[in-house]
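> Could you build the full structure based on these sequences and the hints that come with them?
Chains A and B are the protein sequences, given in the same order. Quick note: the first sequence uses this note's numbering, first residue 21, plus one each step. Quick note: the second sequence uses this note's numbering, first residue 21, plus one each step.
Fair warning: there could be bad hints in the mix.
Same chains, same names: a pair is fine if it fits in one copy or spans any two.
Derived DSBU-like pairs (lysine-lysine); straight-line CA-CA distance at most 30 Å [as the list claims (entries may be wrong)]: (1) K314 / K210; (2) K203 / K314; (3) K171 / K210; (4) K171 / K328; (5) K328 / K203; (6) K314 / K171; (7) K328 / K314.
None of these hints come from the bench; they were simulated from the model. On a predicted model such as this, the values are computed, not experimentally measured, just so you know.
Number of protein chains: 2
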Amino acid sequence: MISASQLRTYTEQIFNAIGCSDADARLAADVLVSADLRGVDSHGVARLPGYVRLYDHGRVNPQPHIRIVHETPSTAVVDGDRGLGLVVGPWAMNVAIEKARTAGTGWVAVRNSNHFGIAGYHALLATQHDMIGQAMTHAAPLVAPTFSLEKMLGTNPIAVAIPAATEPTFLADFASTAVAYGKLEILQRKGQDIPVGWAQDADGRPTTDANAIRNGGALLPLGTDREHGSHKGYGLGAVVDIFSGVLSGANYGPWVPPFATAGFMAANEGVGAGTGHFFGAMRIDAFRPADEFKAHMDMWIQRFRQAKAVDGQRVLIPGDPERLIEADRLANGIPLLEPVVQSLQELGERFGVSIM
Amino acid sequence: MISASQLRTYTEQIFNAIGCSDADARLAADVLVSADLRGVDSHGVARLPGYVRLYDHGRVNPQPHIRIVHETPSTAVVDGDRGLGLVVGPWAMNVAIEKARTAGTGWVAVRNSNHFGIAGYHALLATQHDMIGQAMTHAAPLVAPTFSLEKMLGTNPIAVAIPAATEPTFLADFASTAVAYGKLEILQRKGQDIPVGWAQDADGRPTTDANAIRNGGALLPLGTDREHGSHKGYGLGAVVDIFSGVLSGANYGPWVPPFATAGFMAANEGVGAGTGHFFGAMRIDAFRPADEFKAHMDMWIQRFRQAKAVDGQRVLIPGDPERLIEADRLANGIPLLEPVVQSLQELGERFGVSIM
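Dropping the structure here:
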């Protein structure tokens, strides 16, 4: 167990050590640790060595000149200058928020970025200003579209954050796949099988082999197969890819660079600039008075919570599971897996930073 | 078999007969017949008697005063004045398009409307102006959120239309459920079982009974069960409901009025005004030059078409299946089921309009 503040300090020091400004290091650490707090362990500090590897290979610029390259009253395209996605993301989201102040909504496509952590972090930024926030990103190809044997799309998550009055914020934040890659990795590590419907093998057949994806297999879109709507998950992932990549001038589809492996980096055979994201902010009172809207959101949430449920279960509001974990981890600390602690200790030794 | 133009003329005459203006009748007929042309038979003229029933029960105003009740540079809220959704939808989408001309994007929430036909029709309107179009709507509750026994959401479809240069338009248009209700109705009519994963029975258990939904059961969200991501389909359907209903001031969740049954109508126990929709238009050159974007969309589409596929299949682009059916039906006519022909003939007799 480690406290969030300890973990934040350590992470901040590592980002400092690779040359990030104090403010950027603090922000990047906050994004990563917020994932650990919310139970999305695969997107938290476990990825820190990966970000440093990106830096080592020249794919991350620790002092980026992030800038708007094109804009209209409600839109902007942002070039991340190869900055950490953890820093570029909030920067771009703030542009969307500023646009929304005057135009009612703001929409920002980002290119030349990197992995931005959890989508929900960015979407939530808007809710502090009585706005609805949206964040999406594409990622390295792991997913086979319906009928495909090739990996063509990333897990391409979408987050939508909607404020309420007395009820907690509605936060839908999900990959457009049957399962997030992090959940599959956990079973890989444990040497266990995965449920049918998460992945296919190299011949496109259903598989329970957690390692199938390393051996020519692929993750499946949300919906799993054609009969259960995999073409919808594919369509959703495709929209995320096009908004993040084609609209921004980043790479797209199978050309999206991998998170932190060396292979692709040298080649540089892309169709655009780095990884892309897409952000949106909608001012609630651009539609109806914020108080009125938020009172109805309370009613929405309360009515859904009251829905008659299957024995022993209850109907949750998007964001509830992560909120429960966060409350627990704020109080009791964050459990880190032994291999993660080890990799962070090694990283710490390299930069003379202690984790405890 | 009936030709699209014959079907359009007949439908137009029926809408005329209930008091719609010539222009509105023409538009409403075009929306319905476009569904039949694209193979979405459940949303085509088969629904015409339902729209007339809405009119009979005073839920459709054939001569609505559709108006903007609130706006900012990039947003508007439209009150449909109980007009046909088939007419209110395009009206609102045009507001979004006009907003996008000056602000870069336009976002319109609609209340006090009715069933708007296929979402794709409205989203496609934007592509004629080098814009990306989005359309979504909620609908009467048929879907149980994850762990719920109660029907809380409609099939809540989303459409996103993205223009390319020489390739056809990318059109994702799908319900946020494992299967569209229309597909289940076809098996109901044939007296056949449905695949496991489409619906649950009154106790929340998986069922193959196509009639389960009439007997306390419910449709399942995209993802089918918790293990395969049903909370994501639920989250997606919830976002559509909140954008369409809470943001606009319409009803939401279990309060969304049913399409064309009398029961609910008298009660009028809603939490807002009628049914709601949500539309978006994004000018492509608010992000990057349209020609450049469309050339990359061609590349995106071509690369995905070339993906290595499962034996005997190929990777399709969202919109392909409907496009193939449309080409066939434009050439060879639209096949109507016998019960549909019969109901249209009865409707025709009432208003003195012949279908052939």
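> Decide, hint by hint, whether the structure agrees.
Evaluated hints:
no. : hint        : result
1   : K314 / K210 : neither (44 Å within a copy, 45 Å between copies)
2   : K203 / K314 : neither (34 Å within a copy, 36 Å between copies)
3   : K171 / K210 : within (25 Å within a copy, 38 Å between copies)
4   : K171 / K328 : between (40 Å within a copy, 9 Å between copies)
5   : K328 / K203 : both (29 Å within a copy, 27 Å between copies)
6   : K314 / K171 : between (41 Å within a copy, 23 Å between copies)
7   : K328 / K314 : within (24 Å within a copy, 48 Å between copies)
In this structure, the earlier hints numbered 1, 2 are contradicted, and the remaining ones agree with it.
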